[in-house]
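Peer 1: From first to last, the protein sequence lines stand for chains S and F.
Numbering-wise (my numbering), the first sequence opens with residue 1 and increments by one.
Numbering-wise (my numbering), the second sequence opens with residue 661 and increments by one.
Some hints here could point you the wrong way.
[What the hints assert, rightly or not] Listed below are several chain F residues computed to face chain S (Cβ distance under 8 Å; list not exhaustive):
(1) W675
(2) A748
(3) V762
(4) I764
[Unchecked claim] Distance windows between CB atoms, simulated:
(5) G239(S) - I824(F): 23 to 31 Å
(6) F397(S) - G683(F): 19 to 27 Å
(7) P752(F) - L143(S): 47 to 55 Å
(8) M1(S) - I824(F): 30 to 38 Å
(9) T578(S) - M828(F): 45 to 53 Å
(10) G239(S) - R782(F): 38 to 46 Å
(11) R548(S) - R782(F): 50 to 58 Å
(12) I824(F) - Y390(S): 26 to 34 Å
(13) Y390(S) - R830(F): 34 to 42 Å
(14) L57(S) - G825(F): 30 to 38 Å
(15) N581(S) - R830(F): 30 to 38 Å
[Unchecked claim] From chain S, some residues computed to sit far from chain F (all C-beta separations above 10 Å):
(16) A15
(17) L19
(18) F141
(19) N147
(20) P157
(21) L197
(22) R207
(23) G313
(24) L372
(25) G439
(26) L509
(27) H558
(28) S574
(29) D632
By construction, these hints were calculated from the structure, which means they are not laboratory data.
Think of the CB as a built atom: it goes at the ideal place given N, C-alpha and C, for glycine as much as any other residue.
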Amino acid sequence: MIAEAGLALLWFAAALALLQLFASVMTLVAGQSEAELGDVVRPAAIMQGPLVALSFLMLMWLFIRTDLSVLLVASNSHSAKPFIFKLAGTWGNHEGSMLLWVTVMALSGSLVALVERRLPERTMIATLAAQAFVSLGFYAFLLFSSNPFERLPTPVPEGNGLNPLLQDIGLAFHPPTLYIGYVGLSVAFSFAVGALLTREVGPAFARAMRPWVLGSWIFLTIGITAGSYWAYYELGWGGWWFWDPVENASLMPWLAATALLHSASVLASRDALRTWTIMLGVVAFSMSMVGTFLVRSGILTSVHAFAVDPERGSFILALLAIYIGGALALFGARASTVNEGKQFSLVSREAGLVFNNVALSAILGIVLLGTLYPLLTEAFDTKVSVGPPYFNPVGAFFAIPMIVVMAVGPLLRWRRDSFDRIAKALILPAVLTVGVIVGAVVLAPGIGILPLLGLALSIGLGIASLLPLLGRNLLRTPLATWGMVVGHFGLAVALFGMASESAFSTEKLVAAEIGDTVEVGPWSIELAGIEPVAGPNWTAIEANMIARYKGGHPVSLHPQSRNFTQPPMTTSESALSTRWNGQLYAVVGEEGGDGRWQLRLWWKPFVPLIWFGGLIVALGGALALLGRVLGDIRKAHQVRRIAERREDNPLGDAMPEPAE
Amino acid sequence: MSAPDKKPGKRWAIWLPLVLFGGFFVLVMNGLMRPADRDIESAMVGKTLPEFTLVAGSPERPGIATEDFRKGDVRLLNIFASWCVPCAAEAPQLDQIARAGVPIDGVAIRDREQDIARFLARYGNPFATIGKDDISEVQLGIGSSGVPETFVIDGTGTIRYQHIGPIMERDVQTILAEVKKAEAPL
Numbered sequence: 001m002i003a004e005a006g007l008a009l010l011w012f013a014a015a016l017a018l019l020q021l022f023a024s025v026m027t028l029v030a031g032q033s034e035a036e037l038g039d040v041v042r043p044a045a046i047m048q049g050p051l052v053a054l055s056f057l058m059l060m061w062l063f064i065r066t067d068l069s070v071l072l073v074a075s076n077s078h079s080a081k082p083f084i085f086k087l088a089g090t091w092g093n094h095e096g097s098m099l100l101w102v103t104v105m106a107l108s109g110s111l112v113a114l115v116e117r118r119l120p121e122r123t124m125i126a127t128l129a130a131q132a133f134v135s136l137g138f139y140a141f142l143l144f145s146s147n148p149f150e151r152l153p154t155p156v157p158e159g160n161g162l163n164p165l166l167q168d169i170g171l172a173f174h175p176p177t178l179y180i181g182y183v184g185l186s187v188a189f190s191f192a193v194g195a196l197l198t199r200e201v202g203p204a205f206a207r208a209m210r211p212w213v214l215g216s217w218i219f220l221t222i223g224i225t226a227g228s229y230w231a232y233y234e235l236g237w238g239g240w241w242f243w244d245p246v247e248n249a250s251l252m253p254w255l256a257a258t259a260l261l262h263s264a265s266v267l268a269s270r271d272a273l274r275t276w277t278i279m280l281g282v283v284a285f286s287m288s289m290v291g292t293f294l295v296r297s298g299i300l301t302s303v304h305a306f307a308v309d310p311e312r313g314s315f316i317l318a319l320l321a322i323y324i325g326g327a328l329a330l331f332g333a334r335a336s337t338v339n340e341g342k343q344f345s346l347v348s349r350e351a352g353l354v355f356n357n358v359a360l361s362a363i364l365g366i367v368l369l370g371t372l373y374p375l376l377t378e379a380f381d382t383k384v385s386v387g388p389p390y391f392n393p394v395g396a397f398f399a400i401p402m403i404v405v406m407a408v409g410p411l412l413r414w415r416r417d418s419f420d421r422i423a424k425a426l427i428l429p430a431v432l433t434v435g436v437i438v439g440a441v442v443l444a445p446g447i448g449i450l451p452l453l454g455l456a457l458s459i460g461l462g463i464a465s466l467l468p469l470l471g472r473n474l475l476r477t478p479l480a481t482w483g484m485v486v487g488h489f490g491l492a493v494a495l496f497g498m499a500s501e502s503a504f505s506t507e508k509l510v511a512a513e514i515g516d517t518v519e520v521g522p523w524s525i526e527l528a529g530i531e532p533v534a535g536p537n538w539t540a541i542e543a544n545m546i547a548r549y550k551g552g553h554p555v556s557l558h559p560q561s562r563n564f565t566q567p568p569m570t571t572s573e574s575a576l577s578t579r580w581n582g583q584l585y586a587v588v589g590e591e592g593g594d595g596r597w598q599l600r601l602w603w604k605p606f607v608p609l610i611w612f613g614g615l616i617v618a619l620g621g622a623l624a625l626l627g628r629v630l631g632d633i634r635k636a637h638q639v640r641r642i643a644e645r646r647e648d649n650p651l652g653d654a655m656p657e658p659a660e
Numbered sequence: 661m662s663a664p665d666k667k668p669g670k671r672w673a674i675w676l677p678l679v680l681f682g683g684f685f686v687l688v689m690n691g692l693m694r695p696a697d698r699d700i701e702s703a704m705v706g707k708t709l710p711e712f713t714l715v716a717g718s719p720e721r722p723g724i725a726t727e728d729f730r731k732g733d734v735r736l737l738n739i740f741a742s743w744c745v746p747c748a749a750e751a752p753q754l755d756q757i758a759r760a761g762v763p764i765d766g767v768a769i770r771d772r773e774q775d776i777a778r779f780l781a782r783y784g785n786p787f788a789t790i791g792k793d794d795i796s797e798v799q800l801g802i803g804s805s806g807v808p809e810t811f812v813i814d815g816t817g818t819i820r821y822q823h824i825g826p827i828m829e830r831d832v833q834t835i836l837a838e839v840k841k842a843e844a845p846l
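Put together the whole structure using the sequences plus the hints.
Peer 2: Below is the structure:
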């Protein structure tokens, strides 16, 4: 009954989305007079959230009980699996993750309908119409092509496990994080379409959209950071970014969202960049959908590919064509009637933001082209894919100027400024940047050009990013400014980690006997023993290593090579030892015929800064979001107080929420 | 707000995203239309079977070794396991192929005898022989990347065709046609 109840809830929610679409379109077509129908729109949107959430809980319950009469549970779970992975199994597969997607989407729809009251009602109705239209496609996808509640004709005696690579606590929470990010962009998309439809592209629209962009950007940042760390320690290849299609699929929406975030700020505070912001709103969500499509359709080969199904791919592609094609056509038809807004001079904060927007979009284009390149060549009957040799230099071509502008831009004033005014402040970061370049060339002559520039710019940006705080009262600095400073500083930290990893890593691949000692960078590592160990659903050989940093205190490391039984699969569990100045990374491999063991060891100076920096960036976003939301609440409160005083209406105080 | 001031040079650029998206659409449609090379095909197709000898995985059927594939008849080698759900899904189709007169040899991957017996009792036993492969020796040797997979082996022990994933209703005719093809020497 649980499965049937979950399915019924989904159908009910889909029906409400249809009602929401119908009522809002009728209201838009008929104009203001059809107020009764318009009154249905918000409640219909609000109801969907709880309904779908309940449906998701039903699926979770089925997984917790390991109900093997449900196809999805039987093919993705196992009664012997640890509880947390049973739970994570709910969304660790195609159908469940699509249900999660729809859940997040419905909940955000509810939230928008519940709290957003600043926009003209017509624009709001148009936004909710777009939201309903997008939701309907995903409801249809779930109900017609990926029903998570499908029953088996006869229950199976035991489930089919979960991909052991995916049996990892970090990964269990990675997809939900990304999904929240993806779906948040769908709200931004709906706002953009709503604003286009009603020609209300202005600061109010940007302010309404901004928290959603910020929120989803924070989650995308965390998701990408966590995903990168997962790939780093779980795949056992020692790298932290592989330009894998699935990684790119999460990076592209992030790049678009970053651009959107900045252009929305310009629109909100300066009423400029209207068309551009709208287009980014459409592009950002397009990238989430393109990403989902690339991962789900299996059209590109990837280490992550699961749920590969061309039929589903076609379904998502059809949705993509309807939404993105439709939105871009609407954009073409309407954008020329949208005024570009206020003008600004070449040296101004707007100009800096425009430059970075263009650079971000260019990087986005580069990543998209590189990701699709195998398809492009396949169309001409050869299968070629591109890797780091393409992405790194071509991406850096735009990233490096962008970082320079990032250091300067926040110091500029809106509308018009001059370099003379800020030149003095920039002396220190500029000198340090040049100093690092000279120092590195003298001290470490073999260093590559990109890592060198990365190191130097990260120092320069790190200092420059703090300059906007100079001469301010730190306690009275707005949270949004803090957010910007922290975010930019975090990027400098991450950049330093990336550059240092690529410039100074040392690697050793050896076949060692028990008792052998291997030197890697400042570390000496002794292979003390190899023992078999067993877990709940795997067996492994585990190496016992004793590592000493410059002959100091011994640290023991236990990398494993794990064999899972259901399904049979070997994974390597790396062992890490983290110091303030870097990380030692150890992997154990096959036994050679002669009693020697394959060991792979890396010393990676400052590599944890990559993820630490990513988290700082996300923290910056969180500060900015908090600042904006608090600001909105305060403003709404003031507006209400003024209204109260005018109308002398005592009812207004009864509501503590920022609903008005 | 204020009157729109259109710059004629910029108007075509407004349509650029849509055009680019159109290009993307055509490209991926093209990619989706050719699903064939998405699976990892074994490099062993066209080569002879590796040497192996497997003990019986069920008291009802003998085990299997490479020389059993060199006796002149075309056989199917089915990689399966009792713990694999898609294997249960392909059971009726395997039955259908067995009834069409094609001998099927099962290789059970990392399995236990009592589990195999339960699996066969539940989903039927289309196999002529069943070998137990506890270390995925045959699976790896034959270039199979997952369970289930099915190989068409001709009378000289040469691998002629590989089917990845469960054999569904729609695949039965393809497999029977490949068996027919394998009856003629290379």
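Peer 1: For which of the previously enumerated hints does the structure constitute a violation, in increasing order of number?
Peer 2: Failing hints, ascending: 3, 4, 7, 15, 20, 23 and 24.
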